[in-house]
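Peer 1: What follows is each chain in one-letter form.
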Amino acid sequence: MAAIIETSIVSFCNATGTILAAFGHRITPNTIPDGQTYPHARFRVIGTDQRYHTTGEGGRKYLVQFDVYDDDEAGAQANAEIVRSAFSARQGTMGAVTTGQVKARLVTTNRNPDANNFWRIVEIEIPTND
Amino acid sequence: MKPNFSVDPSQLKAALLEVKLNSPMLLQVEGAGAKVLVNGMRMRVPVDTAATKNSIMSHLVEYSDIIVVDDVGPETEYAPSIEYGIEEKPNYPIQPFIRPTATNDFGSVINAIGYAFAQLVISRWPR
Chain F
1 MAAIIETSIV SFCNATGTIL AAFGHRITPN TIPDGQTYPH ARFRVIGTDQ
51 RYHTTGEGGR KYLVQFDVYD DDEAGAQANA EIVRSAFSAR QGTMGAVTTG
101 QVKARLVTTN RNPDANNFWR IVEIEIPTND
Chain Z
1001 MKPNFSVDPS QLKAALLEVK LNSPMLLQVE GAGAKVLVNG MRMRVPVDTA
1051 ATKNSIMSHL VEYSDIIVVD DVGPETEYAP SIEYGIEEKP NYPIQPFIRP
1101 TATNDFGSVI NAIGYAFAQL VISRWPR
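Line order of the protein sequences matches chains F and Z.
Numbering follows the numbering used here, with no gaps: position 28 of the first sequence is 28.
With positions in the second sequence counted from 1, the corresponding number in the numbering used here is that position plus 1000.
Think of the hints as simulated: they come from the structure by calculation, not from any bench.
For clarity, every value in this text was computed on a predicted model and none was experimentally measured.
Any given hint might turn out to be false.
[Unchecked claim] Below, computed lysine to aspartate or glutamate pairings styled on DMTMM-like, alpha-carbon distance capped at 25 Å:
no., chain 1, residue 1, chain 2, residue 2
1, Z, Lys-1089, F, Glu-81
2, Z, Lys-1053, F, Glu-123
3, Z, Lys-1089, F, Asp-72
4, Z, Lys-1089, F, Glu-6
5, Z, Lys-1035, Z, Asp-1070
6, F, Lys-61, Z, Glu-1083
7, Z, Lys-1053, Z, Glu-1075
8, Z, Lys-1089, F, Glu-123
9, F, Lys-103, Z, Asp-1071
10, Z, Lys-1089, F, Asp-67
11, F, Lys-103, Z, Glu-1083
12, F, Lys-103, Z, Asp-1070
13, Z, Lys-1035, Z, Glu-1075
14, Z, Lys-1089, F, Asp-34
15, Z, Lys-1053, F, Asp-49
16, Z, Lys-1089, F, Glu-73
17, F, Lys-61, F, Asp-49
18, Z, Lys-1089, F, Asp-71
19, Z, Lys-1035, F, Asp-49
20, Z, Lys-1053, Z, Asp-1071
21, F, Lys-103, F, Glu-57
Please take these sequences and the hints and turn them into a complete structure.
Peer 2: See below:
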């Protein structure tokens, strides 16, 4: 099921104007391709929770870590905020799944002086009907 | 036709006041939830030397008759790298264990706290 949510997140990002303007198509699941230019982002599904109700399965909740990288701190911060605001409170169709209210929050920031990049994390909880 | 219910909670409120909760009792109630989180994290954490696994425990920050604040989690310096990743190696695999526990075991934590609280109230219920 993680594959469906991954393709759905990519579809959503490519269909959202603010994210597309900020990242182009440089948002990938799981790994960052070699030589990817800044800014770029990578997301990983880090947990799923199956929900149940009285008649059976009642949807899932996916926990997603979105890693945003840029070559300056302001850019990383701004792009992470773009991702957060695009996902936060999102409800309805997202790629191949239907979602409930999505929660999104900024978590932390780091700088890698060797690679001269800045890293910002957005945590996203996506409840779905699958 | 909609049914109408009328509930008078005054006697329940009066009885709960008679229970007179204090900080050791609140710690007992909170501890039940903390144990669920500790067990969930220890079950999910990747193990090499087991230093991080053994360091996962409850860390009381504040407790009084009305509030308990408890940081439940690991103590090793590299635990955040296991959870979030390593900045020098963006493609290095992460093995999160804190956030999945918080997300997946939330219902069990609430159940444990609720059960502990119910047992406490029942044991001190005015007879």
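Peer 1: Decide, hint by hint, whether the structure agrees.
Peer 2: So, going through the hints one by one against the coordinates:
1. Of the supplied pair hints, the one linking Lys-1089/Z and Glu-81/F holds, its CA atoms being roughly 23 Å apart against a limit of 25 Å.
2. Restraint check for Lys-1053/Z and Glu-123/F: satisfied, since their Cα atoms lie roughly 24 Å apart, inside the 25 Å limit.
3. This hinted pair checks out: Lys-1089/Z and Asp-72/F have alpha carbons roughly 18 Å apart, not beyond 25 Å.
4. Between Lys-1089/Z and Glu-6/F the alpha-carbon distance is near 22 Å, which keeps this suggested pair within the 25 Å criterion.
5. Simply put, Lys-1035/Z and Asp-1070/Z have alpha-carbon atoms about 11 Å apart, close enough for the 25 Å limit, and the pair holds.
6. Our distance criterion of 25 Å between C-alpha atoms is met by Lys-61/F and Glu-1083/Z, whose separation comes to about 19 Å.
7. At most 25 Å may separate the alpha-carbon atoms for a hinted pair to count; Lys-1053/Z and Glu-1075/Z meet this at roughly 9 Å.
8. Between Lys-1089/Z and Glu-123/F the alpha-carbon distance is near 19 Å, which keeps this suggested pair within the 25 Å criterion.
9. With a CA separation close to 23 Å, the supplied pair Lys-103/F and Asp-1071/Z stays within the 25 Å bound.
10. Distance check on the hinted pair: Lys-1089/Z and Asp-67/F sit about 12 Å apart at the alpha-carbon level, within 25 Å; holds.
11. For the hint pairing Lys-103/F with Glu-1083/Z, the CA-to-CA distance comes to about 19 Å; that is within 25 Å, so the pair holds.
12. Among the hinted pairs, Lys-103/F with Asp-1070/Z is consistent with the structure: their alpha-carbon atoms are about 24 Å apart, no more than 25 Å.
13. Distance hint between Lys-1035/Z and Glu-1075/Z is fulfilled; the C-alpha atoms sit about 16 Å from each other, no more than 25 Å.
14. A threshold of 25 Å between alpha carbons decides the hint, and for Lys-1089/Z with Asp-34/F the separation of about 12 Å falls inside it, so the pair holds.
15. Distance restraint check for Lys-1053/Z and Asp-49/F: the Cα-Cα separation of roughly 23 Å lies within the 25 Å cut-off, and the hinted pair is therefore satisfied.
16. Restraint check: the Cα-Cα separation between Lys-1089/Z and Glu-73/F comes to about 18 Å, which is no more than 25 Å; the hinted pair holds.
17. Distance restraint check for Lys-61/F and Asp-49/F: the Cα-Cα separation of roughly 5 Å lies within the 25 Å cut-off, and the hinted pair is therefore satisfied.
18. At most 25 Å may separate the alpha-carbon atoms for a hinted pair to count; Lys-1089/Z and Asp-71/F meet this at roughly 15 Å.
19. A threshold of 25 Å between alpha carbons decides the hint, and for Lys-1035/Z with Asp-49/F the separation of about 20 Å falls inside it, so the pair holds.
20. The hinted pair formed by Lys-1053/Z and Asp-1071/Z meets the criterion: a straight-line CA distance of about 16 Å does not exceed 25 Å.
21. About 21 Å separates the Cα atoms of Lys-103/F and Glu-57/F, which keeps this hinted pair within 25 Å; it holds.
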